[in-house]
Amino acid sequence: MLGLVTWLAALASPAYPIDPNRAMSQYVHERWGTEQGFPRGPVYAIAQSSDGYLWIGTQAGLIRFDGLNFRLVRDAPASLNGSSVLGLRPDREGNLWVRLEGSTLLRYRDGVFDSPTSDLSSMNSLITAMNQTSEGNLLLSFMERGVIVYRQGRFEMVADASALPRSPVLSVAQTPDGSVWLGTRGAGLFRVRQGQISSVAEGLPDPKVNCLLADVNGNLWVGTDNGIVRWNGTRLVAAGIPAFFKHLQVLTLVRDRDANIWVGTDSGGLVRLNGRGVSALKGEGQSQEAVTALFEDREGNLWIGSDSGIERLRDTAFMTYSLPEGLPSDGNKPVFVDSENRLWVPPVEGGLWWVKDGRHGRATNAGLDQDVVYSIAGRNGELWLGRRHGGLTVLRSERGPFHVRSYRQADGLAQDSVYSVYLARDGRVWAGTLSAGVSALNNNRFTNYTTADGLASNTVASILESADGTMWFATPSGLSALSKGHWQGYTAQNGLPSENVNCLMEDSTGVLWVGTASGISFGDRRSFRVPREVPAPLREQVLGLAEDKYRWLWIATSNHVLRVNRDKLLTGRPG
58 MLGLVTWLAA
68 LASPAYPIDP
78 NRAMSQYVHE
88 RWGTEQGFPR
98 GPVYAIAQSS
108 DGYLWIGTQA
118 GLIRFDGLNF
128 RLVRDAPASL
138 NGSSVLGLRP
148 DREGNLWVRL
158 EGSTLLRYRD
168 GVFDSPTSDL
178 SSMNSLITAM
188 NQTSEGNLLL
198 SFMERGVIVY
208 RQGRFEMVAD
218 ASALPRSPVL
228 SVAQTPDGSV
238 WLGTRGAGLF
248 RVRQGQISSV
258 AEGLPDPKVN
268 CLLADVNGNL
278 WVGTDNGIVR
288 WNGTRLVAAG
298 IPAFFKHLQV
308 LTLVRDRDAN
318 IWVGTDSGGL
328 VRLNGRGVSA
338 LKGEGQSQEA
348 VTALFEDREG
358 NLWIGSDSGI
368 ERLRDTAFMT
378 YSLPEGLPSD
388 GNKPVFVDSE
398 NRLWVPPVEG
408 GLWWVKDGRH
418 GRATNAGLDQ
428 DVVYSIAGRN
438 GELWLGRRHG
448 GLTVLRSERG
458 PFHVRSYRQA
468 DGLAQDSVYS
478 VYLARDGRVW
488 AGTLSAGVSA
498 LNNNRFTNYT
508 TADGLASNTV
518 ASILESADGT
528 MWFATPSGLS
538 ALSKGHWQGY
548 TAQNGLPSEN
558 VNCLMEDSTG
568 VLWVGTASGI
578 SFGDRRSFRV
588 PREVPAPLRE
598 QVLGLAEDKY
608 RWLWIATSNH
618 VLRVNRDKLL
628 TGRPG
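For what it's worth, the numbering used here labels the leading residue of the sequence shown as 58, then goes sequentially.
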């Protein structure tokens with residue numbers, strides 16, 4: 058079997074950091090609950106260890122995810138079995154710290170758990186918060202002992218509990234200036250700087266501080282039971298934070314590598330805050346349950362913990378446009394990008410829409426809003442459309458409104474139902490019809506061709522002009538070629554896997570690729586052949602073909618989208 062097919066799932070694997078310019082609905086959103094193998098929630102913490110595993114702290118215990126399977130850890134110290142895991146943090150030394158409910162702290166290193174109790178045995182105090190320092194060391198808050206940092210194998214006191222408020226510390230963080238910040242359950246926000254402890258109350262919307270996030274710019278983001286504020290180096294401010302967050306209970310915060318601030322809330326779900334504003338994750342599979350944990354992994358994926366399981370947001374090479382992006386339907390026919398970078402999309406139920414720079418609109422001229430568009434082609438400010446009932450229509454734009462003209466059977470077109478459109482290099486516009494052959498428009502006059510002239514079928518699914526000027530026509534009864542006035546036909550006897558031909562493409566080296574109802578073949582005017590040892594997906598019905606700038610082929614079949622090494626497909630070399 059050829060090692061040449063890269064599946065869509067592999068392409069979409071965690072390799073693309075989340076693009077801050079995409080709409081939330083354009084990310085790939087995956088969810089794992091008990092039905093998908095996740096042991097059970099709720100989820101309190103998520104982290105990644107130096108060996109690449111993803112670790113998830115839940116009420117049921119510690120869960121390890123290897124990319125395929127979730128496993129509840131049971132072969133660890135007895136203190137871990139059945140205990141709720143409330144916190145997970147890596148440090149700069151490669152340790153992963155596991156905070157259990159109560160006073161137990163475990164360390165995972167080199168595949169082994171241990172309990173660094175020698176320095177902590179005398180504390181016997183409830184651990185209430187855990188984070189990293191700005192240098193990557195472990196920062197801990199103890200109920201009865203205060204704030205402690207783990208540095209170079211030792212625990213060192215930062216602030217004694219006697220100087221701290223009696224209200225439990227729920228969150229702890231350190232800003233780049235060295236200040237340690239403490240968010241409490243009911244006493245507000247405190248700052249520890251050069252051994253001095255001070256309350257920061259002005260501008261704080263609520264005395265309960267659930268989470269703190271220190272960023273590389275010196276800001277401290279403060280999540281409370283009544284929204285978010287930001288310490289700008291001198292004071293707490295709400296400037297730049299949308300009113301959307303007001304009165305929302307903020308439970309967790311994370312900043313990704315693209316400076317997006319991700320906010321987990323109690324009732325508003327997951328929210329993204331960046332320079333473009335605020336947006337919330339909504340849609341199928343996304344309930345507005347509390348988001349209790351957030352984490353960005355090394356590949357740039359965002360992991361989301363909730364009461365019922367875990368979710369992942371990730372980017373892929375693909376940009377999705379659907380209902381949330383302004384399209385009227387999730388089911389759409391062929392798409393086309395014009396010279397002004399507008400995306401044109403005809404929904405299956407009819408009409409023609411465009412999308413550009415977050416805006417969208419609809420073409421209503423010439424009855425387009427009442428007709429189905431089968432095919433789109435364009436160049437030099439022109440858009441040519443093949444329609445179910447309206448014949449062949451051209452939209453012309455010169456930095457203003459579109460000028461529209463339609464050609465019908467009364468104008469010489471073979472049939473008003475145009476299934477395929479192609480613009481030839483000599484300026485002719487070819488229109489393949491549903492059942493009356495193909496028409497060539499030149500200087501406002503049509504020349505029509507049918508089976509009587511040599512066309513394999515009067516139904517033309519796709520049209521292509523090859524580099525030598527030959528016109529190729531895909532039909533359900535074979536492949537037809539027209540060159541210098543002479544017709545030639547190709548069927549299974551000429552090497553096609555099926556005579557039902559759907560699509561055509563000539564690659565950058567002049568090889569003609571043919572997608573049929575029974576797979577793919579390639580060749581030239583002499584003959585065609587099916588690639589040797591072709592993988593099973595390439596024996597499915599092929600519906601679309603394209604070549605990228607790296608000379609890989611993209612092939613859409615009835616069940617897959619594949620990226621294929623063109624050279625290996627041609628030569629049939631294993632590997």
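Simulated from the structure, these hints should not be mistaken for laboratory data.
Accuracy of the hints is not assured; some may be wrong.
No farther apart than 27 Å at their CA atoms in a straight line, the calculated lysine-lysine pairs in the DSS-like style are these [stated by the list, open to error]: (1) K606 <-> K625; (2) K265 <-> K413; (3) K265 <-> K303.
Now for the hints, and whether the structure bears them out:
1. As the CA atoms of K606 and K625 are separated by approximately 17 Å, the hinted pair is consistent with the 27 Å bound.
2. With a C-alpha separation of about 43 Å, the suggested pair K265 and K413 falls outside the 27 Å cut-off, and the hint is violated.
3. Restraint check for K265 and K303: satisfied, since their Cα atoms lie roughly 14 Å apart, inside the 27 Å limit.
Of the numbered hints given earlier, the model fails hint 2 alone.
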